[in-house]
Amino acid sequence: MLFLGEYDYTIDAKQRLAIPAEVRDVLNPEVHGAAFIAAPGGNGSLWLWPEKTFERLSTEFDSSLLGDDQLDDFERLMFSQAARVPLDSAGRVRLPARLLTQYGLKDSVKVLGVRDHLELVDPVEWEAERKRLEPAKEEMIKSARRTMADRRRKLDQ
Numbered sequence: 001m002l003f004l005g006e007y008d009y010t011i012d013a014k015q016r017l018a019i020p021a022e023v024r025d026v027l028n029p030e031v032h033g034a035a036f037i038a039a040p041g042g043n044g045s046l047w048l049w050p051e052k053t054f055e056r057l058s059t060e061f062d063s064s065l066l067g068d069d070q071l072d073d074f075e076r077l078m079f080s081q082a083a084r085v086p087l088d089s090a091g092r093v094r095l096p097a098r099l100l101t102q103y104g105l106k107d108s109v110k111v112l113g114v115r116d117h118l119e120l121v122d123p124v125e126w127e128a129e130r131k132r133l134e135p136a137k138e139e140m141i142k143s144a145r146r147t148m149a150d151r152r153r154k155l156d157q
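For what it's worth, my numbering labels the leading residue of the sequence shown as 1, then goes sequentially.
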C-alpha cells in the first residue's frame, strides 16, 4: 500500500481522528489488518502504520536474548510507546491521550501520506517544515536518485 497526499483533519473531543477516505478505500483487512499502530516516528512526529505492515517490519529486527544495546533501547522505546488503534465503523481511530500530549497534537492535525505510513503533524509546524524543505527539493531528488542507483548497482553485483 502506498500512502500519498496531505489531508486537513480534526481530532474530536473523544480523541478520534478520521482516516482519510482515500486511505480507507484501499485498506484490505486481510492484507493490512483491522487497525493501525500509532508509534513514535523517526522525525519526532506520530506515525500510523497499518497493523500488518508494522508487524512485518517488527519481525525484521534481529532479536535475541543477548541483543545489541542500541537495538534493545530502540525496541524498548518504540514498542512501549506504541498503541494499537482499531478503525471504528465510521473509519476513525481513537488516539491515546498520552500520544496526543507527547506529540503536541490538539484539535487540528495534518495527515501526511508518506509511502508506507501516515504521519500526524501540527499544521502550523508542517507548513514551516515544508517551507524549509522546499528550497532543497531539487538536491534531495538528485541525492535520492544517486542513492537508488548505488543500491541497484550493489544488488546487481
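Hints should not be assumed to be uniformly reliable.
In silico DSSO-like cross-links for lysine-lysine, where the CA-CA straight-line distance does not exceed 27 Å [what the hints assert, rightly or not]:
#1 52 to 14
#2 131 to 110
#3 14 to 106
#4 14 to 110
#5 106 to 142
#6 137 to 110
#7 137 to 154
#8 131 to 142
#9 154 to 142
#10 52 to 137
Source of the hints: derived by calculation from the structure; they are not laboratory data.
Hints and how they fare:
no.	hint	result
1	52 to 14	holds, 26 Å
2	131 to 110	holds, 15 Å
3	14 to 106	holds, 12 Å
4	14 to 110	holds, 18 Å
5	106 to 142	violated, 36 Å
6	137 to 110	holds, 20 Å
7	137 to 154	holds, 26 Å
8	131 to 142	holds, 19 Å
9	154 to 142	holds, 19 Å
10	52 to 137	violated, 32 Å
Checked against the numbered hints above, the structure breaks hints 5 and 10 and satisfies the rest.
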